[in-house]
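> One-letter residues, chain by chain:
4 protein chains.
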Amino acid sequence: MSSSLGTLFRISTWGESHGPGVGVVIDGCPPKIPLSVEDLQKELDRRRPGQSKIVTPRKEADEAEILSGIENGLTTGAPIGILVRNTDQRPSAYTEMQSAYRPSHADYTYDAKYGIRSVSGGGRASARETIGRVAAGAIAHKVLLRDLPNYECIAYVKSIHDLEADIDPNTVTAEQVESNIVRTADAAMVEPMVDLITQMRSEGNSVGGVIECVIRGIPPGLGEPVFDKLEADLAKAMMSLPATKGFEIGSGFEGTLMTGRDHNDEFFIEDGKVRTRTNRSGGVQGGISNGEPIIFRVAFKPTATILIEQNTVNNAGEETTLAARGRHDPCVLPRAVPMVEAMAHLILTDHWLRQKAIQA
Amino acid sequence: MSSSLGTLFRISTWGESHGPGVGVVIDGCPPKIPLSVEDLQKELDRRRPGQSKIVTPRKEADEAEILSGIENGLTTGAPIGILVRNTDQRPSAYTEMQSAYRPSHADYTYDAKYGIRSVSGGGRASARETIGRVAAGAIAHKVLLRDLPNYECIAYVKSIHDLEADIDPNTVTAEQVESNIVRTADAAMVEPMVDLITQMRSEGNSVGGVIECVIRGIPPGLGEPVFDKLEADLAKAMMSLPATKGFEIGSGFEGTLMTGRDHNDEFFIEDGKVRTRTNRSGGVQGGISNGEPIIFRVAFKPTATILIEQNTVNNAGEETTLAARGRHDPCVLPRAVPMVEAMAHLILTDHWLRQKAIQA
Amino acid sequence: MSSSLGTLFRISTWGESHGPGVGVVIDGCPPKIPLSVEDLQKELDRRRPGQSKIVTPRKEADEAEILSGIENGLTTGAPIGILVRNTDQRPSAYTEMQSAYRPSHADYTYDAKYGIRSVSGGGRASARETIGRVAAGAIAHKVLLRDLPNYECIAYVKSIHDLEADIDPNTVTAEQVESNIVRTADAAMVEPMVDLITQMRSEGNSVGGVIECVIRGIPPGLGEPVFDKLEADLAKAMMSLPATKGFEIGSGFEGTLMTGRDHNDEFFIEDGKVRTRTNRSGGVQGGISNGEPIIFRVAFKPTATILIEQNTVNNAGEETTLAARGRHDPCVLPRAVPMVEAMAHLILTDHWLRQKAIQA
Amino acid sequence: MSSSLGTLFRISTWGESHGPGVGVVIDGCPPKIPLSVEDLQKELDRRRPGQSKIVTPRKEADEAEILSGIENGLTTGAPIGILVRNTDQRPSAYTEMQSAYRPSHADYTYDAKYGIRSVSGGGRASARETIGRVAAGAIAHKVLLRDLPNYECIAYVKSIHDLEADIDPNTVTAEQVESNIVRTADAAMVEPMVDLITQMRSEGNSVGGVIECVIRGIPPGLGEPVFDKLEADLAKAMMSLPATKGFEIGSGFEGTLMTGRDHNDEFFIEDGKVRTRTNRSGGVQGGISNGEPIIFRVAFKPTATILIEQNTVNNAGEETTLAARGRHDPCVLPRAVPMVEAMAHLILTDHWLRQKAIQA
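Protein chains in written order, with our numbering: chain L, 726 to 1085; chain G, 726 to 1085; chain W, 726 to 1085; chain S, 726 to 1085.
One chain only, chain L, in its complex shape (with noise of 0.2 angstroms):
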């Protein structure tokens, strides 16, 4: 089950970025949601290559067929098959490669797992298996948006490398975000990111940093005790991205400089609902929403395929130099910021349903 996420709301990427293409197949979407292609492929543009000047000038349209599933523009219940040909593969710049290891890369790991080099087998170590998740979260997103009109799920570029935006999780749009090529909503931060970046790339080096998401509108009850706790499987979630190295919630590990008087968020009433005063919490109390913001944090380290000529292995055993080619992301994090906000709209979207079927 390496490549299903979701226990209703069931997903299943497959493909390489070196083979005839990639794909989804989504199980379990409830009938009668409105979808069209136009929905998946907004938020494919969102993490495509060659969108802006500061990721990899790949060019692919990355244009999804819907293949099933989808009746008169509605989902029928049945599982939603969706493709995207692979169309600018350029297999050469990846024949020294086939042999040596790149650092801190999956090819070494691949093969000791699988026992086989494979350029198609590392692909499934690549961005572009995102591309599926991207496209089923879209359609999760239309699931929530049926029955919770108020769900907004935003994430957005916190910091890149020692730059670090000043946004208040509380009160940022989803167009701050989508106004800059960093999708970052500190409007003072931009050019300084996109200036890194940029030298990043003349360097043929990278950066790494950390996105924040906020979820507004997520009613309490959400997550599952004890394992399937919310914050539990959106850290699965998230740590299923390429190049993540970490995951923390509300006040995560800032949150152990306190004392439990100070971090505790106190109840109170307001319009006679349950609320808190602070949000350290995160939004999730006992691996359950508690109606606040759910705000979290993902590390994503510098990409790891870069220009600059490393010592390394090959797969002959032999100790050896690799310098990359090809073209690559200078930083991930601008079409990361897609991929955190599809997988936050899928594990709610499984949760949302796994509630229901509780419910009298």
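Incorrect hints may have been included.
[As the list claims (entries may be wrong)] Dumping the calculated DMTMM-like pairs for lysine to aspartate or glutamate here, alpha-carbon to alpha-carbon at most 25 angstroms:
#, chain 1, residue 1, chain 2, residue 2
1, L, K1081, W, D836
2, L, K778, L, E979
3, G, K757, W, E796
4, W, K998, S, E1043
5, S, K1081, W, D836
6, G, K1081, L, E903
7, G, K784, G, E995
8, L, K998, G, E1044
[To be verified] Output of the computed footprint for chain W on chain L, the stretches with three or more beta carbons under 8 angstroms from beta carbons of chain W:
#, region
9, 752–758
10, 984–993
If you're looking for bench data, these hints aren't it; they were derived computationally from the structure.
On a predicted model such as this, the values are computed, not experimentally measured, just so you know.
Where is the CB? At the ideal position from N, CA and C, for every residue including glycine.
Based on the hints, put chains G, W and S in the right spot on chain L.
Just chains G, W and S now, with coordinates in the frame of chain L:
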């Protein structure tokens, strides 16, 4: 499936702190693993209340009974049922809390989810639920040791509040950790940490901290792309523990402050084996173990239940105040160390069995 | 996952006939279902040994203890743990069978699978394992009755050996079935069936037969195309019961002797509802319930353990003979009736919850 | 998870007969299995329409495209995506059926379940969905052959209506089955069966029958007590095929007419191996394979779609009549033979991998 975890080595926990007992069923344990109740008890004793002056003084012997799946000291391949009776229940201490929601605890969200005010229900959110995890983890540990004799999994307290221990994960030993009641491995920090926790208890306050865990002896190849990546499953397992707010592996959030050139782990050959000179990957690349030590950290918030009066609301929707009574941990970390190890054993055993299944 | 069943309403059984006890964990039970130990006991008493002169005289009270998940007579949404202690173990009767494989029993295959000669292991193949199923089924029954007040599930002995009862599934009542120790519903066949079973017991021989089951009050729409069709999940559930050799729904194998024109169930309208004039579909079309009674049959082989000497081999690979001792059922069907009902309750509850999840 | 099957070797099918295409994702396939599109095509050709005069004359080439998971003729361990485009859609033939429910077909129940009148949705109930199963089964077959070179799985038509073939499962060969368009293995019955099916077609009527399947070369030990017994998973797999009404293994329903003494399979030793003198168990005891041939039978009802006018109702709740148009199979069995084999391959591969996981 909220109370089950694992694909092939699968555990299902049950029980509340205020009912007859707690327990676990382990399904999928290979046959012929030597197993005695002492194997479980040793780990349960590291988890149990009353073990030292810095944990809750509740008196629970936490004696395990193995109900099935063992014969003549060996596992049979049948599911292993384990029961621990509750012995020290003082429901009176909880009377007040039956109506007032403890801030940052699970009281309110359980109500919101299940529509029922249940002390037992909320009891699933208590640390007592982890008894089943620790017992099951002890069994998983033995499965791994049979097949991977160099397997070692050592968790330890890395920090309490702002007190940070200086510990080298590459050399730390289990004996060092177990030599002090905090379960840290920096002799100089034991007394300050004990003092801080003692002070918190006397104030009715609480503190949190970070647990680090190092795993040695895992061969390359464990972890299932793309959703069941090893770090993704570890993240989920750790974030399913009570009071956790963050997870990071290898360089984690700090790694976002490096560039790719400095962050990448260069490969070299040592004794015919592929190694990395640094370990910012934390032993996992592309979701698959690379043979280096697996190193991760988990953030635990300060205990939510404190004896200081706080503002809150009750289940009638009225604002009120609450000062918890009862006997609580001023800091969960010393007792959480065996929980972290247990969750790691469980995830690694599951992935080990999954990897065996696909090998020729 | 061998000992777990269900997607949303999930049970995990454990325990052997020769260990301390047997039990089950039910995960995913909706909250606020009224439940008492008497609800379970009533069904366990229909399953237990010693209940009449035609079943095994073993003396097991089979008293259930509910260990978790219930408070103030209501389910809380937490997993429900149930324990039944074994009280009448006579291991001496099994000494010989520890080496000689009982023909057509599971002794040899358990050895082959697990590589361990375990009476306890083989004990998973005994009817005692079904205690957990029956207890869990009683809970599932209550879930369905809350939401579907017209729900009725009635199993009965359709035939013993060549004695076939004449029973109309559309009118049969639970009272008719429970009025006699065979659990058939054709008054004229009770005495012949009792006589046959009694004769078999006196000869140390055994007989099998067919149990039919009718389920009423299920609305159209339950069942999940394409693999989790309602009849597919019912088939699996029934074929997972000990001693079963066949499953058929509606017209079953006899239906292959009809042409499409005669076999098809024509639709008509009755009181504004879509009905079928005949019910060769057995209440399921395309894997989904159609609102008509669900009717299926399960074939149970003659009990494998007989007291007559048979040729066999032992675990040293030597040919030998074996005449089983101990107290065994000469015919499992009277006690299997509540097992069939329990499995049907479980499957229908799981599908009911799954259907609720996708409804707007 | 309605469209997924399997624990370790997991398939997810998608697609409708009236959309762009159908397909399947196979997840969990071991690496380094030789695989070409011809391996799939050979089996798809046995399943496809228009292959002989006794099946539907629809013209579908059913050409498979492998989209992922293969490199240099070997599986890589990554999920295998397979696509078959639909080419011969004639939606006009279905216009009338968009409102009137075909008796004993899935039209009404899909409406009842999903609340949407969808030809595509109903298309999940068509035999076309089985393309993905057959393609996936061909891959599973190759996995088994690598590890179990004596593995053989042969299904054949045992009866059509009241015409029963005389076939010895212990000696039947794949060549015998494939030598005739009915896919039976009794030369004397081929012509009568062809004549009967031809007559049914000319009358616009249909017939059903029984397919028997024998599996050789499976070692003892496959099957997971207690819910995932081998016969339980086979039953589910077969009952998930369209038009099935019954499943039996070994002696099946006939076995209920024997006593235990006559029914039990006595063990003996042959060439140092444990064998049984008879095989009423059908190769499975206690849910686990015993090394003998696995033999089961599946009942297929007469095709529901017939050209004869029948009474029915439409989706406006009005009584009406319907005589189906279009091109349909007067008997599904010849094309169902490869489907039965495919489902058997899938179940056995999954259990084979599961057994490998627990072996030392």
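> Each hint should be assessed against the structure and marked as holding or not.
Against the structure, the hints come out as follows:
Among the hinted pairs, K1081/L with D836/W is inconsistent with the structure: their alpha-carbon atoms are about 44 angstroms apart, more than 25 angstroms. Taken as a hint, the K778/L and E979/L pair is broken in the structure, with Cα atoms around 34 angstroms apart against an allowance of 25 angstroms. Distance hint between K757/G and E796/W is unfulfilled; the C-alpha atoms sit about 39 angstroms from each other, more than 25 angstroms. For a cut-off of 25 angstroms, the pair hint linking K998/W to E1043/S stands: about 10 angstroms separates their Cα positions.
Under the criterion of a C-alpha separation no larger than 25 angstroms, the hint pairing K1081/S with D836/W is consistent with the structure, at around 15 angstroms. For a cut-off of 25 angstroms, the pair hint linking K1081/G to E903/L is broken: about 46 angstroms separates their Cα positions. With a C-alpha separation of about 51 angstroms, the suggested pair K784/G and E995/G falls outside the 25 angstroms cut-off, and the hint is violated. Taking the CA atoms of K998/L and E1044/G, the gap is near 11 angstroms; set against the 25 angstroms cutoff, the hint holds.
Look at the region 752–758 of chain L against chain W: 4 of its residues bring a Cβ nearer than 8 angstroms to a Cβ of that chain, three or more, so the hint holds. Given a C-beta distance limit of less than 8 angstroms, the hint that chain W covers the region 984–993 of chain L is violated, as 0 residues qualify and 3 are needed.
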